[in-house]
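Protein chains in written order, with this note's numbering: chain A, 2 to 292; chain B, -17 to 233; chain C, 60 to 354.
Calculated directly from the structure, the hints in this document are not laboratory data.
Cβ atoms here follow ideal geometry from the backbone N, Cα and C, with glycine treated the same way.
A few of these clues could be false.
[Said to hold, decoys possible] Derived contacts from chain A toward chain B, CB cut-off under 7 Å, selection only: (1) P149; (2) E161; (3) G168; (4) V172.
[Unchecked claim] Ranges between beta-carbon positions, derived for each pair: (5) R266/C with L71/A: 48 to 56 Å; (6) T234/C with A122/B: 37 to 45 Å; (7) T192/C with A(-8)/B: 50 to 58 Å; (8) V196/C with F(-4)/B: 46 to 54 Å; (9) A137/A with R266/C: 44 to 52 Å.
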Amino acid sequence: MTDFAIYCVTMIAIWSVLGISLHLQFGLTGLVNFGQVLPFAIGAYGAGFAAVHGAPGWSGWVIGGVMAPLLGLVVILPASRLTQDYWALVTLGAGELFRLAMLNIPGIAGGVEGVSVARINASGTAMLAALALLVATVLFARRIGHSPLGRMLRVLREDEVLAATLGRDPVRFQRVVTAISWAMAGLAGTLYAHVIGYISPSAFTVAETFLIWIAVVLGGPASILGVVLGTTIIQLTALSTRFVAQWSQLPFEFVANLRLGLFGLVLVLVFLLRPEGLVPERRERVDAASR
Amino acid sequence: MLQAADISVAYGGFQALAGVSLRAEAGSILGLVGPNGSGKSTLLNVIAGVQFPDRGSVTLDGRTVPAGRPELAAQCGIGRAFQIPRLTRRLTVFQNVLIGAPDQPGERVSELLLRPGRVRRREREIAEAAHAVLRRVDLAHKAQDYAGNLSGGQQKLLSLAMLLMGHPRVLLLDEPAAGVNPVLIAREIALLRELRAERRIIVLVEHNMDMIADLCDRVIVLDAGEIIAEGSPAAIRADARVMRSYLGEPA
Amino acid sequence: MTQILADSLIYAAEIGIIAMGVALCFAILRFANFAHVQFAVVGAYLTYSANRFLGLPLVPATLLSAVATGLLAVGIDRAVFARLRRITPEGKMIVSWGVALILRAAIACCFGGASRVFPVEPAALNALGAYFTSQDVAVVAATLAAILALHLLLHRTRAGTALRALASNAELAETRGIPAERMIALMWLISAGFAAIGGTLFALETRLQPNMDLIILLPTFSAVTIGGLDRVFGAAIGALVLSLAQNLLIGVDLGGLLGLGSWSVPTRFRDFIAVGAMVLILLLRRRTPGALAAR
Chain A
2 MTDFAIYCVT
12 MIAIWSVLGI
22 SLHLQFGLTG
32 LVNFGQVLPF
42 AIGAYGAGFA
52 AVHGAPGWSG
62 WVIGGVMAPL
72 LGLVVILPAS
82 RLTQDYWALV
92 TLGAGELFRL
102 AMLNIPGIAG
112 GVEGVSVARI
122 NASGTAMLAA
132 LALLVATVLF
142 ARRIGHSPLG
152 RMLRVLREDE
162 VLAATLGRDP
172 VRFQRVVTAI
182 SWAMAGLAGT
192 LYAHVIGYIS
202 PSAFTVAETF
212 LIWIAVVLGG
222 PASILGVVLG
232 TTIIQLTALS
242 TRFVAQWSQL
252 PFEFVANLRL
262 GLFGLVLVLV
272 FLLRPEGLVP
282 ERRERVDAAS
292 R
Chain B
-17 MLQAADISVA
-7 YGGFQALAGV
3 SLRAEAGSIL
13 GLVGPNGSGK
23 STLLNVIAGV
33 QFPDRGSVTL
43 DGRTVPAGRP
53 ELAAQCGIGR
63 AFQIPRLTRR
73 LTVFQNVLIG
83 APDQPGERVS
93 ELLLRPGRVR
103 RREREIAEAA
113 HAVLRRVDLA
123 HKAQDYAGNL
133 SGGQQKLLSL
143 AMLLMGHPRV
153 LLLDEPAAGV
163 NPVLIAREIA
173 LLRELRAERR
183 IIVLVEHNMD
193 MIADLCDRVI
203 VLDAGEIIAE
213 GSPAAIRADA
223 RVMRSYLGEP
233 A
Chain C
60 MTQILADSLI
70 YAAEIGIIAM
80 GVALCFAILR
90 FANFAHVQFA
100 VVGAYLTYSA
110 NRFLGLPLVP
120 ATLLSAVATG
130 LLAVGIDRAV
140 FARLRRITPE
150 GKMIVSWGVA
160 LILRAAIACC
170 FGGASRVFPV
180 EPAALNALGA
190 YFTSQDVAVV
200 AATLAAILAL
210 HLLLHRTRAG
220 TALRALASNA
230 ELAETRGIPA
240 ERMIALMWLI
250 SAGFAAIGGT
260 LFALETRLQP
270 NMDLIILLPT
280 FSAVTIGGLD
290 RVFGAAIGAL
300 VLSLAQNLLI
310 GVDLGGLLGL
320 GSWSVPTRFR
330 DFIAVGAMVL
340 ILLLRRRTPG
350 ALAAR
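Assemble the whole structure, with the sequences as input and the hints as a guide.
In structure tokens:
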């Protein structure tokens, strides 16, 4: 049972990092990215690529931490030209293109069968690594959120033209946020691969992107605490499917589908009843400098 | 001196501006009047870089202002306040004024991480400047309110305050008096006179003819995208063409 | 070559009719509805049920299913989308994903995961060097009939004119007295009805299974995008273009053409082609002039 608890904490930590990456992009800056699974997958496949092609273990981390944000900078390029919803579809497409490429080109990293990756055998170590990544991510995100940078991101969220007429280049800010956010997701992906010990394309579909979205929308996109809370709820629900099936004597498939429906219901209800999420954005009534 | 030469803008088949030129000297207030849809806001948008013109150019003190790039126009010293004030409703009045200040090292990640002291110092400077500006427009008592909760007139003053934080050479104001109560209008007029005395250039779009007459050194009248009259406020008032095109002007 | 054309036409018919519904929804409500493919799956299952459990022949079963799915869509609009008319298009997309999940779960829980096949035995046919079946002919004919019917509706009836007015300028249409909410309900009826028909056709041609939605999703959205997102008949053309592109790239010996030895794009890259086309078309969109000022 403790093993399972450790596994839960590890997974919650990893997916919370993903949630925070979306918090930076969407909660603070207003960028709607339907492909957040992409940097996650790049990080994970970085580890896979290293394993398949005999590259040293740390190269997976470099791919996750460096290549993911680089690709993010490519994906953000058309964002200033397209309206938000079209860009969202582009990101969706980008994520799918990556998954389909990994699926259909076996030479890269195992194709449909996936590939095994060096696994962190001690589950305690894995948990500590995940928590360390989470703490670093939280601290970094807080620093940004409480800074003039965070303030300007919130302006961009509401009115890009206003920011521009105040002399700021919206594209530069979007690039910075994307790079940071995708680096976080990439590192989470590499860690994920080493925790699970195996990666395959089926783990990085559109459904996974929306799993992050549901957690973020539920918890409150503009709040780090909210995002972690939302992730905890969603992940615990997902991870407990097995137990619910056992306890209720219903087939696993059935319960898994019910869970999916429940997530959909949560998404709809949040939009209808409490759009700010469980933890709304905090009013920063007093700026430190104004005291 | 601000100069806009031969500005033309068309949307689809509709000609919003046709070869419009204007000039404004430092330390002057230029009025821009005309019926609704005559292209006044479009002209301001072009000067501020918010709108890309089909033809024409804008220069400030001889240097060309890049077209269609509002952030570059702002960096050249052009400030724009909009007819419907653009603010960040979810931030406080004070925070809105803070963002008006350019050159904030705290907006760069490298500075945040490596030089937090410098970031803090600059924040303090900006905060003091913000307090001063809020006092100048008499919104200091509203500093901690959400910008979204202000009245229309107060939002216009806030816009002005945000603009002032950038020490703009040029202020482009779009109907600063619309929907504002007379007391605040009087305050705006006083403020604009101060700004003129500071040798800034102000282009003022307004329907409030008293304000125009009171403040402007020169007036340009637009109708259907073209200039139909130019001159002192008194001359404009007496111009028959202006009478014909302009609605609601008491003789 | 005629085989490629025939195959493309058949596949385009199945996808096109679903894509038209997405385009119609986009034209009226201005967002890409992720739940749309679920309507197709629901429709397919309802047709199957009507056919199998109510003993209805295929055509009336399909029509009944189309009506029922249409009504379901209207109900969902009332419950969810109608209350969210004012949120951003991206927000509507996210909510539609939630609706999609609910529908998907409902279908899977009701019908289970096993795939089923419609009890049909189509006659094999041969013409102009291509092999197809009588069912394939029926599928294409059904789609053409649906396109014709929609065209008549949109251009020859008052309701259709109202819909088109709503699509081109919603504010103006409302000031002219066009009852927006009722027209939106009509839109859902048509859109989801088409989805149901398309889903049925798809299930007839392949098989009926709950993960049909994933198989249909990418090609459908790609077709809609190629067709211009809010262009209803463009979506049908988009489906044809996509289908042809896929089959040509996969069927033609590209290596032979380039003199590099026999090679063609492997079949499994179908989806890749679909998504690639979608992303490419989106990236090539010109920014509308004055967009910045209008924001």
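Each hint, compared with the structure:
{"no.": "1", "hint": "P149", "verdict": "3 Å, holds"}
{"no.": "2", "hint": "E161", "verdict": "9 Å, violated"}
{"no.": "3", "hint": "G168", "verdict": "4 Å, holds"}
{"no.": "4", "hint": "V172", "verdict": "9 Å, violated"}
{"no.": "5", "hint": "R266/C with L71/A: 48 to 56 Å", "verdict": "42 Å, violated"}
{"no.": "6", "hint": "T234/C with A122/B: 37 to 45 Å", "verdict": "43 Å, holds"}
{"no.": "7", "hint": "T192/C with A(-8)/B: 50 to 58 Å", "verdict": "55 Å, holds"}
{"no.": "8", "hint": "V196/C with F(-4)/B: 46 to 54 Å", "verdict": "50 Å, holds"}
{"no.": "9", "hint": "A137/A with R266/C: 44 to 52 Å", "verdict": "48 Å, holds"}
Consistency note: the structure conflicts with the earlier hints numbered 2, 4 and 5.
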